[in-house]
Amino acid sequence: MNAAKRRELVSGKVVAVTGGARGIGFATARAARDAGARVVIGDIDTVAVDKAAADLDVPAFPLDVTNSAAFTTFLDAVESTCGAVDVLINNAGIMPVGPADAVPDTEAARCIDVNLHGVMLGTKLALRRMLPRGHGQIINIASIAGVTPAPGLALYNASKAGVVAFTEATRMEVRDRGIQVGAVLPSFTATELVSGTSTPRGQRALDPAEVAAGVVDMIARPRPQLTVPRALAFTVRLSTLYPDRFKRAIYHRFGVDSIFLNVDRAARADYDARIHGSP
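Plus 7 on top of the position in the sequence shown (first one is 1) and you've got our numbering.
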(Lines of atoms letter the chains of each structure in order from A; the text may use other names.)
(Lines give C-alpha, C1' and ligand atoms only; values in the text may rest on other atoms or scores of the structure.)
Protein backbone atom coordinates (compact mmCIF):
# COMPACT_ATOMS: atom_id res chain seq x y z
CA MET A 8 0.00 0.00 0.00
CA ASN A 9 1.41 3.39 -0.95
CA ALA A 10 1.89 6.14 1.61
CA ALA A 11 -0.87 8.36 0.23
CA LYS A 12 -3.49 5.62 0.43
CA ARG A 13 -2.32 4.60 3.90
CA ARG A 14 -2.59 8.17 5.12
CA GLU A 15 -6.06 8.51 3.62
CA LEU A 16 -7.25 5.45 5.56
CA VAL A 17 -5.48 6.21 8.86
CA SER A 18 -5.70 10.00 9.12
CA GLY A 19 -7.89 11.30 11.91
CA LYS A 20 -8.23 7.97 13.75
CA VAL A 21 -7.68 8.02 17.51
CA VAL A 22 -4.96 5.43 18.16
CA ALA A 23 -3.94 4.37 21.68
CA VAL A 24 -0.64 2.50 22.06
CA THR A 25 0.37 0.61 25.20
CA GLY A 26 4.05 0.21 26.01
CA GLY A 27 4.61 3.33 23.93
CA ALA A 28 7.73 4.61 25.64
CA ARG A 29 10.20 2.37 23.82
CA GLY A 30 10.86 -0.06 21.01
CA ILE A 31 8.02 -1.22 18.80
CA GLY A 32 5.46 0.81 20.76
CA PHE A 33 7.36 4.06 20.28
CA ALA A 34 8.02 3.33 16.60
CA THR A 35 4.35 2.48 16.06
CA ALA A 36 3.20 5.68 17.72
CA ARG A 37 5.52 7.67 15.49
CA ALA A 38 4.41 5.86 12.31
CA ALA A 39 0.73 6.29 13.14
CA ARG A 40 1.26 9.96 13.95
CA ASP A 41 3.08 10.45 10.66
CA ALA A 42 0.15 8.82 8.87
CA GLY A 43 -2.17 11.44 10.34
CA ALA A 44 -3.60 9.55 13.32
CA ARG A 45 -4.31 11.21 16.66
CA VAL A 46 -1.98 9.15 18.83
CA VAL A 47 -1.91 8.70 22.60
CA ILE A 48 0.68 6.52 24.35
CA GLY A 49 0.73 4.80 27.71
CA ASP A 50 3.50 3.08 29.66
CA ILE A 51 4.24 1.94 33.19
CA ASP A 52 7.55 3.88 33.11
CA THR A 53 6.27 7.41 33.67
CA VAL A 54 9.64 9.08 33.12
CA ALA A 55 10.24 7.30 29.83
CA VAL A 56 6.70 7.82 28.55
CA ASP A 57 6.83 11.55 29.30
CA LYS A 58 10.09 11.78 27.34
CA ALA A 59 8.61 9.79 24.48
CA ALA A 60 5.55 12.04 24.46
CA ALA A 61 7.76 15.11 24.24
CA ASP A 62 9.80 13.55 21.41
CA LEU A 63 6.67 12.63 19.46
CA ASP A 64 4.56 15.65 20.49
CA VAL A 65 1.64 13.41 21.48
CA PRO A 66 -0.29 13.02 24.76
CA ALA A 67 0.88 10.36 27.20
CA PHE A 68 -0.52 8.84 30.37
CA PRO A 69 0.78 6.32 32.91
CA LEU A 70 -0.48 2.79 32.35
CA ASP A 71 -0.09 -0.54 34.11
CA VAL A 72 -1.69 -2.96 31.65
CA THR A 73 -2.16 -5.60 34.37
CA ASN A 74 -4.43 -3.37 36.45
CA SER A 75 -8.07 -2.99 35.38
CA ALA A 76 -8.61 0.35 37.13
CA ALA A 77 -5.39 1.77 35.65
CA PHE A 78 -6.30 0.58 32.15
CA THR A 79 -9.80 2.06 32.47
CA THR A 80 -8.33 5.36 33.65
CA PHE A 81 -5.97 5.35 30.65
CA LEU A 82 -8.78 4.78 28.15
CA ASP A 83 -10.87 7.46 29.86
CA ALA A 84 -7.95 9.88 29.55
CA VAL A 85 -7.51 9.05 25.85
CA GLU A 86 -11.18 9.68 25.17
CA SER A 87 -11.31 12.91 27.15
CA THR A 88 -8.22 14.17 25.30
CA CYS A 89 -8.81 13.01 21.73
CA GLY A 90 -12.25 11.39 21.53
CA ALA A 91 -13.47 7.81 21.26
CA VAL A 92 -10.70 5.26 20.70
CA ASP A 93 -10.78 3.99 17.12
CA VAL A 94 -7.75 1.71 17.47
CA LEU A 95 -6.19 0.13 20.55
CA ILE A 96 -2.73 -1.36 20.03
CA ASN A 97 -1.89 -3.77 22.84
CA ASN A 98 1.88 -3.67 22.58
CA ALA A 99 3.27 -3.75 26.15
CA GLY A 100 5.34 -6.84 26.85
CA ILE A 101 8.42 -8.27 28.55
CA MET A 102 10.74 -11.14 27.59
CA PRO A 103 12.48 -13.20 30.27
CA VAL A 104 15.00 -15.69 28.84
CA GLY A 105 16.70 -18.77 30.21
CA PRO A 106 16.04 -22.45 30.98
CA ALA A 107 12.43 -23.33 31.80
CA ASP A 108 13.40 -24.96 35.10
CA ALA A 109 15.29 -21.86 36.23
CA VAL A 110 12.48 -19.33 35.81
CA PRO A 111 11.40 -17.99 39.24
CA ASP A 112 7.69 -18.20 39.99
CA THR A 113 7.39 -14.44 40.33
CA GLU A 114 9.02 -13.91 36.93
CA ALA A 115 6.73 -16.44 35.27
CA ALA A 116 3.64 -14.83 36.79
CA ARG A 117 4.78 -11.35 35.78
CA CYS A 118 5.42 -12.40 32.16
CA ILE A 119 1.99 -13.98 31.76
CA ASP A 120 0.35 -11.06 33.56
CA VAL A 121 1.89 -8.43 31.27
CA ASN A 122 2.08 -10.26 27.95
CA LEU A 123 -1.16 -12.21 28.01
CA HIS A 124 -3.45 -10.91 30.72
CA GLY A 125 -2.59 -7.32 29.75
CA VAL A 126 -3.71 -8.02 26.19
CA MET A 127 -6.87 -9.76 27.40
CA LEU A 128 -7.67 -6.90 29.76
CA GLY A 129 -7.08 -4.17 27.19
CA THR A 130 -9.13 -6.03 24.60
CA LYS A 131 -12.04 -6.55 26.99
CA LEU A 132 -12.12 -2.93 28.13
CA ALA A 133 -11.85 -1.62 24.57
CA LEU A 134 -14.61 -3.93 23.33
CA ARG A 135 -16.96 -2.61 26.01
CA ARG A 136 -16.53 0.83 24.47
CA MET A 137 -16.42 -0.20 20.80
CA LEU A 138 -19.27 -2.72 20.61
CA PRO A 139 -22.05 -0.27 21.51
CA ARG A 140 -20.73 2.07 18.78
CA GLY A 141 -20.51 -0.77 16.28
CA HIS A 142 -16.99 0.06 15.11
CA GLY A 143 -13.39 -0.05 16.27
CA GLN A 144 -10.17 -1.97 15.89
CA ILE A 145 -7.86 -3.84 18.26
CA ILE A 146 -4.35 -4.87 17.20
CA ASN A 147 -2.43 -7.18 19.50
CA ILE A 148 1.34 -7.35 19.13
CA ALA A 149 2.17 -11.03 19.41
CA SER A 150 5.40 -12.52 18.03
CA ILE A 151 6.80 -15.16 15.72
CA ALA A 152 7.78 -16.69 19.07
CA GLY A 153 4.09 -17.41 19.60
CA VAL A 154 4.13 -19.94 16.75
CA THR A 155 7.79 -21.07 16.73
CA PRO A 156 8.91 -22.21 20.20
CA ALA A 157 12.62 -22.05 21.01
CA PRO A 158 14.79 -23.37 23.87
CA GLY A 159 15.37 -20.71 26.50
CA LEU A 160 12.23 -18.84 25.51
CA ALA A 161 9.54 -21.18 26.85
CA LEU A 162 7.85 -18.62 29.08
CA TYR A 163 7.74 -15.94 26.39
CA ASN A 164 6.64 -18.53 23.82
CA ALA A 165 3.74 -19.54 26.05
CA SER A 166 2.60 -15.96 26.62
CA LYS A 167 2.72 -15.04 22.93
CA ALA A 168 1.07 -18.29 21.83
CA GLY A 169 -1.73 -17.31 24.18
CA VAL A 170 -1.97 -13.89 22.52
CA VAL A 171 -2.23 -15.48 19.07
CA ALA A 172 -5.01 -17.85 20.16
CA PHE A 173 -6.87 -15.22 22.19
CA THR A 174 -6.76 -12.75 19.33
CA GLU A 175 -8.15 -15.22 16.79
CA ALA A 176 -10.95 -16.42 19.07
CA THR A 177 -11.95 -12.84 19.90
CA ARG A 178 -11.81 -11.87 16.23
CA MET A 179 -14.30 -14.60 15.37
CA GLU A 180 -16.62 -13.47 18.18
CA VAL A 181 -16.88 -9.85 17.07
CA ARG A 182 -16.13 -9.88 13.33
CA ASP A 183 -19.81 -9.48 12.42
CA ARG A 184 -20.37 -6.67 14.92
CA GLY A 185 -18.22 -4.00 13.28
CA ILE A 186 -15.04 -4.64 15.28
CA GLN A 187 -11.75 -5.64 13.66
CA VAL A 188 -9.32 -7.68 15.78
CA GLY A 189 -5.95 -8.90 14.54
CA ALA A 190 -2.45 -9.88 15.60
CA VAL A 191 0.94 -8.71 14.35
CA LEU A 192 3.75 -11.27 14.63
CA PRO A 193 7.17 -9.61 14.40
CA SER A 194 10.31 -11.64 13.97
CA PHE A 195 13.59 -10.93 15.81
CA THR A 196 13.54 -7.14 16.33
CA ALA A 197 16.36 -4.91 17.54
CA THR A 198 14.87 -3.68 20.82
CA GLU A 199 15.84 -3.99 24.48
CA LEU A 200 13.99 -7.32 24.65
CA VAL A 201 16.78 -9.06 22.75
CA SER A 202 19.73 -7.38 24.50
CA GLY A 203 22.43 -9.87 25.42
CA THR A 204 21.31 -12.37 22.78
CA SER A 205 22.55 -12.92 19.25
CA THR A 206 20.58 -12.78 16.02
CA PRO A 207 19.90 -16.21 14.47
CA ARG A 208 22.47 -17.03 11.80
CA GLY A 209 21.42 -15.87 8.38
CA GLN A 210 18.74 -13.58 9.76
CA ARG A 211 18.70 -9.80 9.98
CA ALA A 212 17.28 -8.16 13.07
CA LEU A 213 14.34 -5.99 12.13
CA ASP A 214 14.29 -2.29 12.87
CA PRO A 215 11.27 -1.40 15.06
CA ALA A 216 10.18 0.98 12.28
CA GLU A 217 9.65 -2.01 9.98
CA VAL A 218 7.26 -3.57 12.46
CA ALA A 219 5.55 -0.22 12.98
CA ALA A 220 4.96 0.09 9.23
CA GLY A 221 3.22 -3.28 9.32
CA VAL A 222 1.02 -2.18 12.22
CA VAL A 223 -0.02 0.99 10.40
CA ASP A 224 -0.76 -1.06 7.29
CA MET A 225 -3.04 -3.22 9.43
CA ILE A 226 -4.84 -0.12 10.69
CA ALA A 227 -5.39 0.93 7.09
CA ARG A 228 -6.33 -2.55 5.87
CA PRO A 229 -7.46 -4.78 8.76
CA ARG A 230 -6.74 -8.50 8.54
CA PRO A 231 -6.65 -11.39 11.01
CA GLN A 232 -2.88 -11.74 11.20
CA LEU A 233 0.24 -10.12 9.80
CA THR A 234 3.76 -11.53 10.02
CA VAL A 235 6.70 -9.13 9.83
CA PRO A 236 8.50 -9.68 7.54
CA ARG A 237 5.57 -10.95 5.48
CA ALA A 238 7.74 -13.43 3.56
CA LEU A 239 8.26 -15.35 6.80
CA ALA A 240 4.59 -16.33 7.04
CA PHE A 241 4.94 -19.16 4.52
CA THR A 242 8.04 -20.53 6.23
CA VAL A 243 6.28 -20.52 9.60
CA ARG A 244 3.27 -22.38 8.22
CA LEU A 245 5.54 -24.88 6.49
CA SER A 246 7.54 -25.51 9.66
CA THR A 247 4.49 -27.04 11.34
CA LEU A 248 4.86 -29.96 8.90
CA TYR A 249 8.55 -30.61 9.61
CA PRO A 250 9.41 -33.88 11.37
CA ASP A 251 11.13 -33.38 14.72
CA ARG A 252 14.57 -34.53 13.51
CA PHE A 253 14.52 -32.05 10.63
CA LYS A 254 13.28 -29.24 12.88
CA ARG A 255 16.10 -29.92 15.35
CA ALA A 256 18.64 -29.76 12.52
CA ILE A 257 17.22 -26.45 11.28
CA TYR A 258 17.28 -24.95 14.78
CA HIS A 259 20.88 -26.05 15.23
CA ARG A 260 21.92 -24.77 11.81
CA PHE A 261 20.68 -21.26 12.57
CA GLY A 262 21.60 -21.27 16.27
CA VAL A 263 17.99 -21.03 17.47
CA ASP A 264 18.57 -23.97 19.81
CA SER A 265 21.04 -21.97 21.90
CA ILE A 266 20.76 -18.18 21.46
CA PHE A 267 18.27 -17.77 24.31
CA LEU A 268 20.18 -20.12 26.58
CA ASN A 269 23.67 -18.70 26.02
CA VAL A 270 22.85 -15.14 26.99
CA ASP A 271 25.25 -12.33 27.90
CA ARG A 272 23.76 -11.49 31.28
CA ALA A 273 25.98 -8.45 31.73
CA ALA A 274 24.71 -6.94 28.48
CA ARG A 275 21.17 -7.78 29.54
CA ALA A 276 21.48 -6.56 33.14
CA ASP A 277 19.75 -3.20 32.69
CA TYR A 278 16.79 -4.74 30.91
CA ASP A 279 16.45 -7.56 33.44
CA ALA A 280 16.59 -5.11 36.32
CA ARG A 281 13.87 -2.98 34.76
CA ILE A 282 11.41 -5.79 34.07
CA HIS A 283 12.07 -7.46 37.42
CA GLY A 284 11.68 -4.17 39.23
CA SER A 285 8.28 -3.44 37.70
CA PRO A 286 5.37 -3.55 40.15
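FYI, nobody ran anything at the bench for these hints, they're computed from the structure.
We treat Cβ as the ideally placed atom computed from N, Cα and C, and that holds for glycine.
Hints are supplied without guarantee of correctness; some may be wrong.
Here are the in silico distance ranges between beta carbons for each label pair [unchecked claim]: (1) R252 - S87: 54 to 64 Å; (2) F261 - G43: 32 to 42 Å; (3) G262 - M179: 35 to 45 Å; (4) P139 - I257: 42 to 52 Å; (5) F241 - A107: 24 to 34 Å; (6) I257 - R140: 23 to 33 Å; (7) L268 - P139: 20 to 30 Å; (8) D64 - A116: 19 to 29 Å; (9) R252 - P139: 26 to 36 Å.
Structure-based check of each hint:
1. Take R252 and S87: their Cβ atoms lie about 58 Å apart, and the range 54 to 64 Å holds.
2. At roughly 39 Å, the beta carbons of F261 and G43 sit within the given window of 32 to 42 Å.
3. Range check, G262 to M179: Cβ separation about 37 Å, and the 35 to 45 Å hint holds.
4. Separated by about 48 Å at the C-beta atoms, P139 and I257 satisfy the suggested range of 42 to 52 Å.
5. Evaluation of the 24 to 34 Å hint for F241 and A107 yields a pass: the beta carbon distance comes to about 29 Å.
6. Between I257 and R140 the CB atoms are about 46 Å apart, so this pair departs from the stated range of 23 to 33 Å.
7. Taking 20 to 30 Å as the suggested C-beta distance range, the pair L268 and P139 does not conform, at roughly 48 Å.
8. The beta-carbon spacing between D64 and A116, approximately 37 Å, falls outside the hinted interval of 19 to 29 Å.
9. In this structure the supplied range 26 to 36 Å is violated for R252 paired with P139, their Cβ-Cβ distance being about 53 Å.
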